[in-house]
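S.K.: Construct the complete structure from the given sequences, taking the supplied hints into account.
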Amino acid sequence: MAINTNRPTSPHLQVYKLPLTGIISITHRMTGIMLTAGLILFVYVISALAGGADSYTAMQALMSLWLFKLVIWGFIYALFFHLCHGVRHLIWDSGSSFELDTLNRYAMIELAASLALTLMIFAWGYYGL
Amino acid sequence: MQRVTAVALIPLSFWLIYFLGLSLTAPYQQTAVWLTSPVNTVCIVAWIIAAFYHAALGLQVVIEDYVAAEGPKIISIWAVNLAFLFLAIAALLAVFRIVSIG
Chain A
1 MAINTNRPTS
11 PHLQVYKLPL
21 TGIISITHRM
31 TGIMLTAGLI
41 LFVYVISALA
51 GGADSYTAMQ
61 ALMSLWLFKL
71 VIWGFIYALF
81 FHLCHGVRHL
91 IWDSGSSFEL
101 DTLNRYAMIE
111 LAASLALTLM
121 IFAWGYYGL
Chain B
130 MQRVTAVALI
140 PLSFWLIYFL
150 GLSLTAPYQQ
160 TAVWLTSPVN
170 TVCIVAWIIA
180 AFYHAALGLQ
190 VVIEDYVAAE
200 GPKIISIWAV
210 NLAFLFLAIA
220 ALLAVFRIVS
230 IG
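Chains A and B supply the protein sequences, listed in that same order. Position 87, counted from 1, in the first sequence is what my numbering calls 87; the numbers after and before it change by one each time, with no gaps. Position 91, counted from 1, in the second sequence is what my numbering calls 220; the numbers after and before it change by one each time, with no gaps.
None of these hints come from the bench; they were simulated from the model. Mixed in with the good hints, there may be bad ones.
Claimed, not checked - Per label pair, the in silico range of CB-to-CB distance: (1) B/201 - A/125: 44 to 54 Å; (2) A/53 - B/131: 30 to 40 Å; (3) B/155 - A/71: 16 to 26 Å; (4) A/116 - B/168: 46 to 56 Å; (5) B/162 - A/120: 23 to 33 Å; (6) B/218 - A/5: 32 to 42 Å; (7) B/131 - A/40: 18 to 28 Å.
As the list claims (entries may be wrong) - Partial pick of chain A residues on the chain B-facing surface, computed with a CB cut under 8 Å: (8) 43; (9) 50; (10) 53.
For glycine and all other residues, C-beta sits at the position ideal for the given N, C-alpha and C.
M.R.: Next comes the structure, spelled out in structure tokens:
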């Protein structure tokens with residue numbers, strides 16, 4: 001299929017202040033990409049477990065570095081954010097709740113829920129700090 | 130399938146979180162025993178299949194949105210699909226190795 005290069009180029013994202021729903025929408029996509037990268041980390045972790053006690057201990061030592069801790073907490077928050085907004089998309093798929101005030105209310109609920117879930121994992125304590 | 134895997138991943142995420150938490154803090158034996166229990170094995174395997182499939186489908190949409198030229202678009206979608214197929218196989222193989230040891 002030939003590409004039409006003579007199309008209008010608007011909207012210019014740089015000159016708009018995105019509404020909260022817009023910011024959440026692009027964050028959903030960005031967290032999706034980040035979680036995808038996290039899958040590589042998952043393959044490493046589970047392969048280290050499969051490799052036996054020695055490679056498992058080495059993996060734990062590596063993961064206890066602050067940089068990896070940051071990555072893991074980022075992964076967990078990204079997971080919950082993506083999950084919460086994913087549920088929102090499933091509700092939209094059913095054809096309901098497209099009204100403006102509902103949109104903004106749900107956006108706040110999503111943010112609060114993803115933060116609360118991350119705090120729950122923190123309180124659970126298995127991830128250390 | 131994007132939607133089907135999404136719905137499946139909502140409950141299955143619990144197993145991922147639990148597995149990751151154990152892997153990062155618990156002793157080797159505890160994590161291995163947990164993963165070897167049948168319900169946990171099935172759920173982690175289901176999570177792996179659903180998550181890697183969901184990721185490949187999601188990245189495909191992102192590529193379709195941002196890569197305009199046909200050639201690079203098709204090549205990058207193929208590359209993403211193959212990469213996630215291999216990653217999923219690696220993860221599944223690791224699960225089977227752990228289960229067969231324990």
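S.K.: Evaluate each hint against the coordinates.
M.R.: Status of the hints after comparison with the structure:
| no. | hint | in the structure |
| --- | --- | --- |
| 1 | B/201 - A/125: 44 to 54 Å | 46 Å, holds |
| 2 | A/53 - B/131: 30 to 40 Å | 39 Å, holds |
| 3 | B/155 - A/71: 16 to 26 Å | 19 Å, holds |
| 4 | A/116 - B/168: 46 to 56 Å | 27 Å, violated |
| 5 | B/162 - A/120: 23 to 33 Å | 25 Å, holds |
| 6 | B/218 - A/5: 32 to 42 Å | 41 Å, holds |
| 7 | B/131 - A/40: 18 to 28 Å | 21 Å, holds |
| 8 | 43 | 5 Å, holds |
| 9 | 50 | 4 Å, holds |
| 10 | 53 | 4 Å, holds |
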